[in-house]
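> Chain residues, written in single-letter form:
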Amino acid sequence: DAGITQSPRHKVTETGTPVTLRCHQTENHRYMYWYRQDPGHGLRLIHYSYGVKDTDKGEVSDGYSVSRSKTEDFLLTLESATSSQTSVYFCAISVATEGNTQYFGPGTRLTVL
Amino acid sequence: GNSVTQMEGPVTLSEEAFLTINCTYTATGYPSLFWYVQYPGEGLQLLLKATKADDKGSNKGFEATYRKETTSFHLEKGSVQVSDSAVYFCALSDQGDSNYQLIWGAGTKLIIKP
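If you read the sequences in order, they're chains A and B.
According to this note's numbering, the stretch in the first sequence is residues 1 to 113, in order.
According to this note's numbering, the stretch in the second sequence is residues 1001 to 1114, in order.
No wet-lab data here; the hints were simulated from the structure.
Backbone N, C-alpha and C fix where the C-beta goes; we use that ideal spot for every residue, glycine too.
It is possible that part of the hints are untrue.
Said to hold, decoys possible - Stretches of chain B that chain A covers, calculated by requiring three or more beta carbons in the stretch to come under 8 Å of a beta carbon on chain A: (1) 1035-1049; (2) 1057-1065.
Said to hold, decoys possible - Here are some chain A residues the structure puts well away from chain B; computed CB gaps all over 12 Å: (3) GLN6; (4) LYS11; (5) VAL12; (6) THR17; (7) ARG22; (8) SER49; (9) VAL52; (10) LYS53; (11) SER83; (12) SER84; (13) ASN100; (14) THR111.
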């Protein structure tokens, strides 16, 4: 158990509303990642962070922003949610002492109506 | 660039059958290789990994050997159970990537029938 929690676990929202998903870790790992998982697309990287206030874009970053003001929290924000952002979102951390193996949180199921 | 190719699913087997899920990769450097498993309605769990050629990863009766000559990391289990029904993902991490990003296969759904 890598001590990763995500909140909320489920959310239904309407098109055009802002949404923030939270990823929290308890073990001070430097690297954190946000993925989305969709049928037929597998896992796709949205954004990642390599330290406090240090973030970068992944493969599918359009429409998403992130922030990391503390080591333990990595926030993913949909500024104006669209139906195409309906997905399951996973947060992950990279454990340096295990050859930078990634471990995943339980996921957030987001539905945008 | 780096990529991972997995056999398409679903793969349907009877309980106690032998399992192989094929995974091949292309990489410019010396990758680490991973298998993750996702049970229905759950997140991804690390199943096993290997970090250099000829390493064998193993866990819960599953095994995979890092074969550099065939660029493969096939997942095997000698006798599957209904509880092994899940989606299995192969992934690689290029050890030259300072951000430790994973390159993912598309996943293979495994269905085990009693």
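> Hint compliance check: list the failing hint numbers for this structure, sorted ascending.
2, 3, 8, 13
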